[in-house]
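The listed protein sequences derive, respectively, from chains W and L. Just so you know, we're using the numbering used here here: the first sequence kicks off at 1 and counts up by one. Just so you know, we're using the numbering used here here: the second sequence kicks off at 1001 and counts up by one.
It is worth saying that the hints were derived from the structure and are not from the lab. Hints may contain errors.
Unchecked claim - Far from chain W, some chain L residues (derived; all Cβ distances over 12 Å):
(1) 1002
(2) 1028
(3) 1053
(4) 1068
Stated by the list, open to error - With a straight-line cut-off of 30 Å between C-alpha atoms, the simulated DSS-like cross-links for lysine-lysine are:
(5) W:147 - L:1015
(6) L:1053 - W:170
(7) W:4 - L:1039
(8) L:1013 - W:169
(9) L:1041 - W:169
(10) L:1053 - W:169
(11) W:169 - W:10
(12) W:10 - W:131
(13) L:1039 - W:93
(14) L:1041 - L:1053
(15) W:93 - L:1041
(16) W:131 - W:147
(17) W:131 - W:4
Backbone N, C-alpha and C define an ideal beta-carbon position, used for all residues, glycine too.
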Amino acid sequence: MSVKTDYFLKALHILAWIIFIGVSIEAGGFIFNLIFTFLFIAKGDREFRTEVDLSALYHHNDRDYITIISLMIIVAVLKAIMFYVIVRFFHDKPYNLDQPFREPVRRFVLNLAYISFGIALFSSWGAGYSKGLVKQGVPLPDLQTMKMAGADVWLFMGVALLVIAQVFKKGIELQAENDLTV
Amino acid sequence: MPIIVNLDVMMAKRKMSLNELSEKVDITLSNLSILKTGKAKAIRFSTLEAICKALDCQPADILEYRTRRD
Chain W
1 MSVKTDYFLK ALHILAWIIF IGVSIEAGGF IFNLIFTFLF IAKGDREFRT EVDLSALYHH
61 NDRDYITIIS LMIIVAVLKA IMFYVIVRFF HDKPYNLDQP FREPVRRFVL NLAYISFGIA
121 LFSSWGAGYS KGLVKQGVPL PDLQTMKMAG ADVWLFMGVA LLVIAQVFKK GIELQAENDL
181 TV
Chain L
1001 MPIIVNLDVM MAKRKMSLNE LSEKVDITLS NLSILKTGKA KAIRFSTLEA ICKALDCQPA
1061 DILEYRTRRD
């Protein structure tokens, strides 16, 4: 492995750590928000305010509030898991650039694809649900603020990663055959 | 696999060790071992040529086809 590639991978590792910490804090914040709201904030309290302002929804209906915030939590947790998987990958270093097609790398790509599909599914669900609520006249923050935007992008990423995983599967077979060619 | 590698038989006939053959053919011991134990998936013509030259034999002396009995 060249020095340049080594630095590049180290930079990616650090970047993955930073994003992982960020999304973990975000997920933790949402979970704390849900618990805190039901434990300490009384219905009709005017002081209710968080980073993502769902006070109107909270006052509108408990069930809708729990659904939306649960979807936000699921999406945030899935993002955190995704970056945890990436950080673990860089930490364990199962890759070898001289022989790149390896089973752990294929499994890593496949895991990312499944998580990406999960994020797409729950983001899309959340987007549809909040659209329905806005139609009922409940003022909600935009999807970007609720961290549920871009379901189509996540879906595209999932499909692309699934294709890459299939390419890796074939690559592993070819590499094994090449290794056993004398 | 129905292709049998008779490298060990030829080496015994020529009284040549694996190390000696490895040096003459210029391939690693591990690769030669893969070939000898029948784990190899393919063999390059250049390798076959070098082995035939070193053992003074024909490709048919090293490779043999046997029908599979299921």
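Does the alpha-carbon distance linking residue 131 of chain W and residue 4 of chain W stay inside the 30 Å limit?
-> Outside the cut-off at roughly 47 Å; violated.
Pair hint residue 1041 of chain L and residue 169 of chain W, alpha-carbon separation not exceeding 30 Å = Status holds; Cα separation ~18 Å.
Taking the shortest Cβ-to-Cβ distance between residue 1068 of chain L and chain W, state whether it exceeds 12 Å.
-> holds, 19 Å
With d taken as the least Cβ-Cβ distance between residue 1053 of chain L and chain W, does d exceed 12 Å?
-> Non-interface label on residue 1053 of chain L holds, nearest chain W Cβ at 15 Å vs cutoff 12 Å.
Sort out whether residue 1041 of chain L lies within 30 Å of residue 93 of chain W, counting only the CA atoms.
-> holds, 29 Å
Mind checking the alpha carbons of residue 1053 of chain L and residue 169 of chain W for me, to see if they're no more than 30 Å apart?
-> The given pair, whose Cα atoms are some 38 Å apart, is violated under the 30 Å limit.
Given pair status - residue 147 of chain W, residue 131 of chain W, alpha carbons within 30 Å | This hinted pair holds, its Cα atoms lying about 14 Å apart.
Proposed proximity, residue 1015 of chain L with residue 147 of chain W (alpha carbon, max 30 Å) | Not OK: residue 147 of chain W and residue 1015 of chain L at ~74 Å, beyond 30 Å, violated.
Is the Cβ of residue 1028 of chain L farther than 12 Å from every Cβ of chain W?
-> Given that some Cβ of chain W is not farther than 12 Å from that of residue 1028 of chain L, nearest at about 9 Å, it is violated.
Straight-line alpha-carbon gap residue 1053 of chain L to residue 170 of chain W, limit 30 Å = Outside the cut-off at roughly 36 Å; violated.
30 Å limit on alpha-carbon distance, applied to hinted pair residue 169 of chain W and residue 10 of chain W | Distance ~26 Å between residue 169 of chain W and residue 10 of chain W Cα, so the pair holds.
Does residue 4 of chain W pair with residue 1039 of chain L here, judged by a C-alpha cut-off of 30 Å?
-> violated, 37 Å
The structure fails hints 2, 5, 6, 7, 8, 10, 12 and 17 (numbered hints given earlier, in ascending order).
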